[in-house]
Amino acid sequence: MNYQQAKKVAKRAGENVIPTVCGMCGPGGPGGGCGVYAFVKNGRFVKVAGMDESPVNRGALCAKGHAAPQWVYSPDRLTHPLRRIGRKGEGTFEKVTWEDAIAQIAERLQLQKREYGPRSLAMLSPAKRSYSDYIVRFLTVHGSPNYGHSGICAVQRAFAFMYTLGDWPKPDYGGSDLILYWGRQPIYSGPVARPAKALLAAKQRGARIVAIKPSVEPDVGMADIWVPVRPGTDTALALALLHVVIKEDLLDHAFIDRWCSGFQRLKTHVKPFAPVWAEKITGVPAGQIKDVARMYATTEQAAIDLGNGVEHTPSSNDAIRSVAILMAITGHLDRPGTNLFVPSPEKNPRKITLKERITQEMVDNLVGPEFPKPFQPFIEGTSSAYYRILESVLTEQPYPVRTIIAPGTQALVSTRGSKNVAAALKKLDFFVVADVARTADLPYADIVLPLATSYEVNHPFQRVPGWLMATNKVIEPVHSPKSIFDFFLDLGVAMGYEGDFWGGDLEAAMDDQLEPMGLTMEELRRNPTGVSDSRKPTVYEKYETVFNRSSPRLSGEPFLPNGRVAIYNSTFEKEGFNPLPQWREPPESTTGTPALLAGYPLILSDYHTSRNFSASWQRNVPRLREIQLHPMLHIHPQTAGERGIRDGDWVKVVSPHGWIKVKAEIYPGIRPDTVMLLHGWWQGCKELGIEDYPLLDGGANVNVMYSVEAQKAYDPLITAMASQTLVEVTKVQKQAGNP
Amino acid sequence: MTTEFIIWFDPEKCTQCYGCEVACRSWRALDRGVRFRKVLNVWRGDFPRVKNHSVAMGCLHCVEPACVAACPEEAIHKRETDGLVRVDEGLCIGCQACWDACLYKIPQFGPKGTMQKCDLCFDQVGREEGPPCVATCPGKALSLIGVSAGEKLEHQKAILALLGERPSRRGSVAQ
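The listed protein sequences correspond, in order, to chains A and B. Each residue of the first sequence is one higher than the one before, starting from 1 at the first, in this note's numbering. Each residue of the second sequence is one higher than the one before, starting from 740 at the first, in this note's numbering.
Bear in mind the hints are in silico, worked out from the structure with no lab data behind them.
Dumping the calculated SDA-like pairs for lysine to any residue here, alpha-carbon to alpha-carbon at most 20 Å:
(1) Lys41/A - Val864/B
(2) Lys203/A - Glu751/B
(3) Lys7/A - Val864/B
(4) Lys41/A - Ala768/B
(5) Lys896/B - Ala840/B
(6) Lys844/B - Asp770/B
(7) Lys752/B - Arg208/A
(8) Lys7/A - Arg767/B
(9) Lys652/A - Gly698/A
(10) Lys790/B - Arg208/A
(11) Lys170/A - Leu200/A
(12) Lys712/A - Leu597/A
(13) Lys113/A - Asp364/A
(14) Lys95/A - Arg108/A
(15) Lys790/B - Pro637/A
Chain B extracted, bound-state conformation (with noise of 0.2 Å):
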C-alpha cells in the first residue's frame, strides 16, 4: 500500500499566528502574491454567539487530485511512491483548469503565469530538517507525515468542513 504524504493540520493548535505562510513565502523566495501556505480565519455564528476557528490551508496532495484530472495538458502528476502531487511548470501553459478543479483553491500563479504550489519541500535542500512552516509552528499544528489513502481522504474532508460556508474576506477560498 502507497505511503501518502502530507502536511496534516490539526485545527485545535491553530492560534493563526500566520508563522507559516510567511516562513514558507521566506524560505521558497516565492514571488509577490503566491502563497504555498494560506492561514485563514472562518467565522459560524451571529453575534453573540459567534466563533471563528483558523486553517492553515496548503496543499493535501488529495488522493484523487481534481487538478490532475482537470489539467489539459497533462502537466500535474501524482507521484506513486509517495503520493506527492507536482506541476511541471515546463509543460503547464497557465490555462488555469486546475483552479477551477481544486476545491481547495490551491492552485497559486505567480507573473509567469504557470502553476505553482506547495511540494511538501520534498526537493528543497534540507528537507531533513522538515519544512519551515512545520518548523516554526509555535502550538505543532503542522506534521508532515505519511498516512494511508483513507487517511488522507478522512483528513481531505475534515478540512473542507473546516473551510465552511463563511470564510472571512481575506480568508476566502476564491481569493
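Here chain A stands alone, though its shape is the one from the complex (with noise of 0.2 Å):
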C-alpha cells in the first residue's frame, strides 16, 4: 500500500503507521532494505505492510517481513549486558550495566594491543549489512587488518570475476532471452526484491530458463530445464561447457581477438574436459552439457546468474573465472541481454571504512588471509577468513587472536568446523557477543552486549541502489536502547578513538556519510517514502574503461595485466597460482574418494538460504518456524526406500566427521545420489515448546560433517570452504531418549 492508504487504514483500526525499513534480512544486505509501514497500537508493534514507493519492494513483503512483530518480541531476546562469572561455555553470568560493559572491553582491548599489537583483535563479519562498514572502521582505527569475512559468500564471486574481467557483470535480467540461473536462489534470497521478480517477468515474456543445481526448489519448478549438477563439481561442468563452445567454434573472434588474453592457450588446455569426462564428475549427462552450451552459445542475448553455490567447493575460484571467461569467448560481456557491467549511482553516501589507512604492515599482519597476501586489501579492505580466526586460537599459527567481537554473527552454526569452533571458544582469551537475541556462541561470551532492533532505534539510513531512506523508530525500545552503531561508536569513545567515531554521536555519523547525497538524516527523515535516484541511461560495450580498472591492491595495479579479459591469468601464475581454471576434487566426493563410497555412499550438501530464515537466525519466530518446525533432510524417494526411511523419520545423517539427527522429508526433486539441508539449526522456539539442537554431534548442525583440513577443504585463492561430504543415512529407531 501507500503511504495515503496506510494513514487510512491505520487511522480506522485506530493505530498509528510508521514508514521505515524492514530488519528481517539484515539491511544493506543482498536483498535487504524492502519499505515497510509498520502499525503500532497501543505502543505496541503489532503488523507490517509492504510499502509501495520503495522501488525494492514495489508493495510487497516475504513471510520474514511480516513475522517482524514476533522477533521483535521474542522470549529470546537479550535483555540486560552480562557479563560471565562461570567457566567459559556453560553460561553463567552477571547482570553489568552497558557502561561497566564497554569499559571492560576497552580496557582489555587496550591492554592487549599494548602486550601483543592491534592484530590481537579480529571481528567476525555477518553477513553484509548496514553496518559492517563500522566493524572495518573499528578494526582500522585500532590496527587490525583481521576483519573476519565468511569466505563463503559474494566477494568469492567478486574476487574471481574481477581479476578475470575487471568487474563482476550482472545479469540483464529484462532483457535476455535466455537465463541460467546456476547456483543459485533467486526467490528465497530477497523473496520480493528484484531478482525473484525478474525471474517471473522473464518467464512472461517467453524468456527460456535453465536452472543449475542439485536439487528442485520452487524457481526450479519454474524453469524449462533443469541440470541436476552434484554439488561441488561445478567447475568440471563448467570447464566441460568451455570445450564444447571451443570444440564447435561458437565463439566471437572478434571480440576474443580484441579484448581477450591467453585464448590460444585455454583452447589447447580445455582439450581434455569433454562432456563425457564432466558426466562421470559431475552426474550430469553429457548430451545435456552439449545442449546447454550450445543454447547459451548460440543464443545471442543470454545472461548468466552465478550463484553462492559455486562459492563452497575448493575449486570455487575456478569455477567462476571460468563462467567468465565462458561469457567472454562467446560474446555475452556488456551487451543487450547479455551480462553488464552497471556502473555504481553517480552519488553514494561517503565511505567510511578508512582504506587509505590500509598500510602494507596490517597486510603482513593478517592471521588467515581470506585472499592471499598479494591480493590484499580487496574490495571490503583487508580480510581474514572467518575460520581462520578461530583456528589461529587453536594452532597459535601465525599467531593466537586474543579478542574476538561477534556482532551479529554466530560462529558456531555459521561457519564449518564446529568442534573446533567450540574448542577455539573455550580457549579464547576474550569474547564479546552483541546481539538482539540469544545466539549459539553466547555461553562462551565474557561480556553479552544485548541490542535493539531497526525497528526500535532512529537510525541507520539505508541504501539500495535507486532508494535512500531513513530507518524510523517504531516503538519505544522492548529491552535495550542500544544499537550495533551505539555499539561501535560507544566502544570507539571508550578507546579514545572518539576523532574517528563522531565524538559518539551517531547523528553525526549519519550526517557525515550522508553529505554526499546533499542532505542531512534530519531532511531525509522528512521524505516519509525516502528519496529515489533517477536512472542513468544504459551504456554498453564499455570494455575500455572496465577492463582498466585498477584493483583495490596498495599497489593500485589494475586487476587485468594487459587490458583484456585475462584467460590465461598472468597475475594468478606470478604468485603461485593457475593461470588456466582446474579442476579440483572437494575433499569427500564421489569421484575424488571412491574408496569412502563403501561406508558413506551419498552426497551431502547444504542450502544457503530459505524461504523463512535468515541463515542461522530466526528459528524462534512461531511463525516462520510453524512453516518448517524441523530440520528436514531433502531425500529422494527410491534411496529412501532402500533404507526404510519414510516421510518425516528422524534419521541420523554420520560423515567421516560428524553426525546430525534430522527428519526425512521424502523429495522427488533431488539426485538421488545426494541429500541436502538447510545449515544454521540449533535454536528452538519457546513458544512452540521446541528445544535447542545440540550444537555439535547428535544435533542439526551441518557444519559438523564437513572436512576443515586446510590442503582439502578450501579454495587455494580465495577460501571458499568446502560444503560437500559423503554421508550415510539412517533411520533412528525408536527407543527412550528419542523423539
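Hints are included, so try docking the two chains, each in its own frame, into the full complex.
Below, the structure written as C-alpha cells:
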C-alpha cells in the first residue's frame, strides 16, 4: 500500500503507522532493504505492510518481513548486558551496566594492544549488513587487519570475476531470451526484491530458463531445463561448457581477438574436458552439457546468474572464472540481454571504512588471509577468513588472536568445523557477543551486549541502488536502547578513538556519510518514503574502461595486466596459482574418494537460504518456525525406500567428520545420490515448545559434517570452504530418549 | 446474475515465498496452527524429469459449497449478494463434517475447536485496501475479483487439478 492508504488503514484501526525499512534479512545486505509500513497499537508493534513507494519491493513483502513483531517481542531477546562469572561454555553470567561492559572491553583491548599489538583483535563479520563498514572502520582505527569475512559468500565471486573481467557483470534480466540460474536461489534470497520478480517477468515474456543445482526448489519448477549437477562439481561442468563451445567453434572471434588474452592456451588446455569426462564427475549427462553449451553460445541475448552455490568448494575460483571466460569468448559481455557491467550510482553516501589508512604492515599481519596477501586488500579492505581466525586460537599459527568480537554472527553455526570452533571459543582470551537475541555462542562470551533491533531506533539510513531511506523508530525499545551502531561509537569513544567515531554522536555519523547525497539525516527523514534516484541510461560495451580498472591492492595495479580479459591469468601465475582454470575434487566426493563410498554412499550438501529464515537466525519466531518445525533432510524416494525411511522419520546422517539427527522429507526433486538440508539449525522456539538442538554431534548443525583440513577443504585463492561430503543415512529407531 | 467474489490464484505468478500465508496470519492475528491461506508444493514426474509447482490455497467460496451442505447445525451459509461462504462460530459445534466434505481441505479448527476460514477480509478494517495476502504478493498471483458462477466453477476445477495426486508432505491437503 502507499503512505496515504497506510495512514487511512491505521486511523480506522486506532493504530499509528510508521514508514521504515524492514530489519528481518539484514538491511544493507543482498535482497534486504525493503520499505515497510509498521503499525503500532497502544505502543505495541502489531503488523507490517509492504511500501508501494519503495523501488525495492514495490508494496510486496515476504514471510520474514511479516513476522517482524514476533521477532521483536521474542522471549529469546537479550535483555541485559552480561559478564561471565562461570566457566567458559557454561553460560553463567551476572548483570552489568552497558557503560561497565563497554569499559571492560576497552580496557582489555588496550591492554592486549600494548602487549600483543593491534592484530590481536579480530571481529567476525555477519553477512553484509548496514553496519559492516563500522566493523571495518573500528578495526582499521585500532590497527588490526583481521576483519573476519565468511570466506563463503559474494566476495568470492567478486574476486574471480574482477581478476578475470575487471568487474562482476550482472545479468540483464529484463532483456535476456535465455537465463542460466547457476547455483543460484533467486526467490529465497529476497523474495520480493528484483531478482525474484525478474525471474517471473522473464518467464512471462517467454525467455527460456535453465536452473543448474542439485535439487528442485520453486525456481527450478519455473525453469524450462533442470541441470541436476552434483554438489561441488560446478568447475567440471564449466570446463566442459568451455570445451564444447571451443570445439564446435561457437565463439565471438572478433571479441576474442580484440579483448581477450591467452585464448590459444585455453584452447589447448580444455581439450581433455569433454562432456563425457564431466558426466562422470558432475552426474550431468554429456548430451545435456552439450545442449546447454550450444543453447547459451548461440542465443545472442543470453545471461548467467551465478549464485552462491558455486562458492562452497575448493575449486570455486576456477568455476567462477570459467564462467567469466565463457561469457567473454561467446560474446555475452556488456551487450543487451547478456551480463552487464553496471556502473555504481553517481552519488553515494561517504564510505567510512578508512581504506586509505591500510598499510603493508597490516596486510603482513593478517592472521588467516581470506585471499592470499598479494591480493589484499580486496574490495572490502583487508580480511581474514572467519574460520581461520578461530583456528589461530587453537594452533597459535601464525599467532593467536586474543579477542574476538561477534556482532550479529554465530561462529558455532555460521562457519564450518564447529568442533574446532567450540574448542577455540573455550580457549580464547576474551570473547564479546553483541546481538539482539540469544546466539549459539553465548555461553562462551565474556561480555554480552543486548542490542535494539532496527524497529527500536532512529538509524541508520538505508542505501540500496535507486533508493535512500531513513530508518524510523517504530516503538520504544523493548529491552536495550542501544543499537549495534551505538556499540561501535561507544566502544570507539571508550578506546580514545572519539575523533574517528564522531565524538560518539550517531546523528553526526549519519550526517557525515550523507553529506555527498546533499542532505542530512533530519532532512532525509522529512521524506517519509525515502528518496529515489533517477536511472542513468545504459551504456554498453564499456570494455576500454572496465578492463583497465585499478584493483584495491595497495599498488593500485589494474585487475587485468594488459587491459584484456585474463583468460590466461598471469597475475595468478606470478603468485604461484593456476593461470588457467583446473578441476579440483572436494575433500570427499564420488569421484575423488571412491574408497569412502562403501561406508558413505551419498553426497551431502546444504542450502544457504530458505523462504522463512535468515541464515541461522529466526528459528525462534513462531510464524516462521511453523512453516518448517524441524530440520528436514531432502532425500529421494528411492534412496529413502532402500533404507526403510519414511516421510517424517528421524534419521541419523553420518559423515567421516561427525553426525546429525534430523527429519527425512521424501523429496522427488533431488538427485538420488545426494541429500541436502538447510544450514544453521540449533535454536529452539519457546512459544512452540521446541527446545534447542545440540550444537555438535547429534544435533542438527550441518557444519560438524564437513572437512576443514587446510590442504583439501579450501580454495587456495578465495578460501571458499567446502560444503560437500559423503554420508550414510539411517533411520533412528524409536527408543527411550529418542523423539 | 450474482457476482461471485473470490481470491483468484494464478499459478504462473507464484514463487512459493509464503508471504501471503504469513501476512494473513499476522494481519488476522490467527491462532497457532490456523491458516486461512496455505502455500503448497506439488510434485509431478520422477527424477530427472521431475517438476514442481506452487499453490497458494485459500477458501474458494465455492458456487455450490460442500461444507454448507454437510454442516449439521446449518452454521455455514453462502451469501447471495456476493457469493461469500461464511461460518457462524456461535452455531458451529466443531464436528468437522465440513472438513470431511471440503475437496480442498480448507476448514481450520483453532484452540476453540470451531471452524474458521478465509472470509476475503470482507468485514475487516481497511478492506478497501484489499486483503493482506493479495497486497503482499510479489508476483501478483492473487487478486480479489468478482466473477460469474461459471467462471468460478472453472477456477474450482483448475485448482483441484493443480493440487494433483502427489502434494508434498507439508503441502499435503490432508494435513
